[in-house]
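Visitor: Keeping the supplied structure of chain W fixed, place chain C upon it in accordance with the hints.
Chains as they are written, first to last, in the numbering used here: chain W, 1 to 433; chain C, 1001 to 1252.
A couple of the hints might just be wrong.
[Claimed, not checked] In silico lysine-lysine, DSSO-like type, Cα no more than 27 Å apart, as pairs:
#1 W:LYS298 / C:LYS1140
#2 W:LYS104 / C:LYS1158
#3 W:LYS185 / W:LYS298
#4 C:LYS1066 / W:LYS412
#5 W:LYS412 / W:LYS73
#6 C:LYS1156 / W:LYS145
#7 W:LYS104 / W:LYS411
#8 C:LYS1066 / C:LYS1156
#9 C:LYS1100 / W:LYS412
#10 W:LYS304 / W:LYS412
#11 W:LYS144 / C:LYS1232
#12 C:LYS1158 / W:LYS145
#13 W:LYS186 / C:LYS1156
#14 W:LYS104 / C:LYS1232
#15 C:LYS1066 / W:LYS186
#16 W:LYS84 / C:LYS1066
#17 C:LYS1158 / W:LYS84
#18 W:LYS185 / C:LYS1140
#19 C:LYS1100 / W:LYS411
#20 W:LYS411 / C:LYS1066
[As the list claims (entries may be wrong)] Quick list of the computed label-pair ranges, beta carbon to beta carbon:
#21 C:SER1082 / W:TYR414: 37 to 43 Å
#22 C:GLY1178 / W:GLY166: 23 to 29 Å
#23 C:ASP1046 / W:PRO59: 50 to 56 Å
#24 C:GLU1212 / W:VAL416: 51 to 57 Å
#25 W:LYS104 / C:GLY1178: 32 to 38 Å
#26 C:SER1028 / W:CYS48: 43 to 49 Å
#27 W:LYS412 / C:HIS1160: 46 to 52 Å
#28 W:GLN413 / C:LEU1049: 22 to 28 Å
#29 C:ARG1018 / W:ASP297: 57 to 63 Å
[As the list claims (entries may be wrong)] On the chain W side, residues computed to face chain C include the following (Cβ under 10 Å):
#30 ARG69
#31 ASN113
#32 ASP114
#33 GLY115
#34 CYS154
#35 LEU188
#36 ALA191
The set of hints was computed from the structure by calculation and includes no laboratory data. Built from N, CA and C at the ideal position, the CB exists for glycine as well.
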Amino acid sequence: MEETAMEDGDHSRDREVAPALIAIHPTQESVAVAVGSDLRVFDLHNGCPISLVDDSSEPFHLDSIRVIRYGAKGKLLVTAGDDKLVKIWNTDTRRCIYTVSSEKRVSAVAISNDGLFVCFADKFGVVWVVGLDGLHETQTLSSKKAVPILAHYCSIITSLEFSTDGRFIASADRDFKIRVTVFPKKPLDGAYEIQSFCLGHTEYVSCLAFVCALEYPEGFLVSGSGDSTVRLWDIASGSLLDTCEVSAEAGLVESNGKEDECCFAITDLCAIPNSSLVAVAIQGLPGVVLLSCNLSDKTLSIFKVIYIEGEAFIPTGLGTSSSAEFLWMVTGVSNLQGSDSTSLTRVKAISGLTKINPDSGELETTVLEDNDVPGGMQLLEKLQGSASIKEEVFLAAAESVKIAMRNLLIKKQYSVERRDFRKRGRNDRKIKH
Amino acid sequence: MLKNEANPNISKTTRLPRKRFYRARAHSNPLSDSHFPVPISPSHVDYSLCYPQLFPPSKQVGNSKKIQFADIGCGFGGLLISLSTLFPETLMIGMELRDKVTEYVKERILALRVANPGQYNNVSVVRTNSMKYIPNYFEKGQLSKMFFLFPDPHFKEKNHRRRVISPHLLDEYAYALGVGGIMYTITDVEELGEWMKACLEGHPMFEALTDEELEADLVVKLLSTATEEGQKVARNGGQTFRAVYRRIVPTI
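Chain W with its partners taken away, still in its complex shape (with noise of 0.2 Å):
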């Protein structure tokens, strides 16, 4: 039954589904949330919607985004997905700037910390990059060519990440595999000298995060993975410094001992600026795990779960702009079958991330109401589509996210029989009698 029911995600493009992802500005201008093919910004600053104008296309994006990123001091907003376009979009004129067609699915993007580049990386394992010599001419809109500068072989790249002090991207793939390379001087000739592998996961590795620490300008990477751990690396060596099993030491398992290990898989990662905290969002947790990462030590624990009371909310994406005042969280998903509308969405925040309690020396968070998120109403009609939603469409998006991301990164396993089976189809064994 259950093979059957594989099968047919193999085939068909409907079960596909996207998780809803969230951006924040660095100094917290705007928030900008994508589900499906839609895009969604809103300007805290003013707290009003923004509308984005591209002069070339209408919609945005003909396919699922499947990544969203402010860069370049929050000059820079990235979008790009499965119709294999990146937008980058300037966010002071609101206008796409350029339009740079991929010829495979953008799975990732990162953008240098000059802002002079802008990394992607598709589903077959190529990162390319595009220089933004003529950022400044805002009113020039032309397409540019993007260059490929490495490449995992033939492996759905997961995340690209720059370190922190942008000397080194590091690229995760869905073969377990973490890759730092020396980001060049000149990245148009290509990036060839690689930095080393970070190797200790067994399963796909599907978020990657850097956390920031004085002593050491490159930062420590953080990454997270269908294992449902999150370890912690020292990028120079590519040695494993810490791994955190983060679904058994918060508690999940227990409370849910039937299920498989994999229900678990850690779905994105934020490291909290000017701390050494990191947020993780699991798969199956309403709410969020902060992680302690001591760096002297280096070590990570857990430091706190913060559950969502009241609602299912299991976060697909988490964000935050510098200052760290609040933690985003979206969930969701583009298309759930069974439900009228399109796309799904829900927005949440958390406050108190910098406040230590000084007594306790405990943080004192607080998931904030509705009314209570920076912008309020009028910024969750304008990123949630609507005020207020049915939660028990927010379990079934849980769900149908849970179940896409295992179709495209968890390696099929199958039986002698089923192998053989599907071996029939091959052309060049096409039986003779």
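Guide: Chain C alone, transformed into the frame defined by chain W:
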């Protein structure tokens, strides 16, 4: 011994495995998901399994030697066998994707170890997809020689990304090779020979060996004579195309 006597796969005269019982397809899809075990990282590679005589399983520590030669796509293992006696102190490994061929090389090494006590203990073979898992086997700069002999040519342009020498895969080989380490490539397909040369020439971390260096290198002669594929080409009077490059520090 009795078991060997009964095993039809082993030749009665030479006690070596007979190739006809290990026939395999000529090609294997390097892009498909692999379902064989892969070490999590180089420190997880079990040396006592590969080199039981040199790394007795009982002793946990002691021998800190690491693999230095890798024959990528070793096929039936002809080169490894020649290298094993030429460099008796060096650990070497063959990597092959086709499981039956790997099985053959395994049996061949075992038989050679029995027939020549004390020899061939430094050679081993593993079934893996080297295009995906080189970093799982070797640390940075661990290797001093890598061999790519008569690789699959993949003529169609859409299949060029399956070639074992490609600009992006060279990054990984440059990572596994120490500075000064040497990449040996050879093929009987002119088009592929040019491709491999062009890839290596275009990579800032490799430089070609000079003619004198090629002349002085003992291993270069083995490229076309030691392997089964090379002997076949020689038998048919074919031409071979060689590219031998050294890993250098890139000049930035």
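Visitor: A separate judgement is required for each hint: does it hold in the structure or not?
Guide: Now for the hints, and whether the structure bears them out:
| no. | hint | verdict |
| --- | --- | --- |
| 1 | W:LYS298 / C:LYS1140 | holds (22 Å) |
| 2 | W:LYS104 / C:LYS1158 | holds (14 Å) |
| 3 | W:LYS185 / W:LYS298 | violated (30 Å) |
| 4 | C:LYS1066 / W:LYS412 | violated (34 Å) |
| 5 | W:LYS412 / W:LYS73 | violated (41 Å) |
| 6 | C:LYS1156 / W:LYS145 | holds (25 Å) |
| 7 | W:LYS104 / W:LYS411 | holds (20 Å) |
| 8 | C:LYS1066 / C:LYS1156 | violated (38 Å) |
| 9 | C:LYS1100 / W:LYS412 | holds (23 Å) |
| 10 | W:LYS304 / W:LYS412 | violated (34 Å) |
| 11 | W:LYS144 / C:LYS1232 | violated (49 Å) |
| 12 | C:LYS1158 / W:LYS145 | holds (21 Å) |
| 13 | W:LYS186 / C:LYS1156 | violated (32 Å) |
| 14 | W:LYS104 / C:LYS1232 | violated (40 Å) |
| 15 | C:LYS1066 / W:LYS186 | violated (35 Å) |
| 16 | W:LYS84 / C:LYS1066 | violated (44 Å) |
| 17 | C:LYS1158 / W:LYS84 | holds (19 Å) |
| 18 | W:LYS185 / C:LYS1140 | holds (22 Å) |
| 19 | C:LYS1100 / W:LYS411 | holds (23 Å) |
| 20 | W:LYS411 / C:LYS1066 | violated (31 Å) |
| 21 | C:SER1082 / W:TYR414: 37 to 43 Å | holds (39 Å) |
| 22 | C:GLY1178 / W:GLY166: 23 to 29 Å | holds (28 Å) |
| 23 | C:ASP1046 / W:PRO59: 50 to 56 Å | holds (54 Å) |
| 24 | C:GLU1212 / W:VAL416: 51 to 57 Å | holds (55 Å) |
| 25 | W:LYS104 / C:GLY1178: 32 to 38 Å | holds (34 Å) |
| 26 | C:SER1028 / W:CYS48: 43 to 49 Å | violated (59 Å) |
| 27 | W:LYS412 / C:HIS1160: 46 to 52 Å | violated (26 Å) |
| 28 | W:GLN413 / C:LEU1049: 22 to 28 Å | holds (24 Å) |
| 29 | C:ARG1018 / W:ASP297: 57 to 63 Å | holds (58 Å) |
| 30 | ARG69 | violated (24 Å) |
| 31 | ASN113 | violated (19 Å) |
| 32 | ASP114 | violated (18 Å) |
| 33 | GLY115 | violated (22 Å) |
| 34 | CYS154 | holds (5 Å) |
| 35 | LEU188 | violated (14 Å) |
| 36 | ALA191 | holds (8 Å) |
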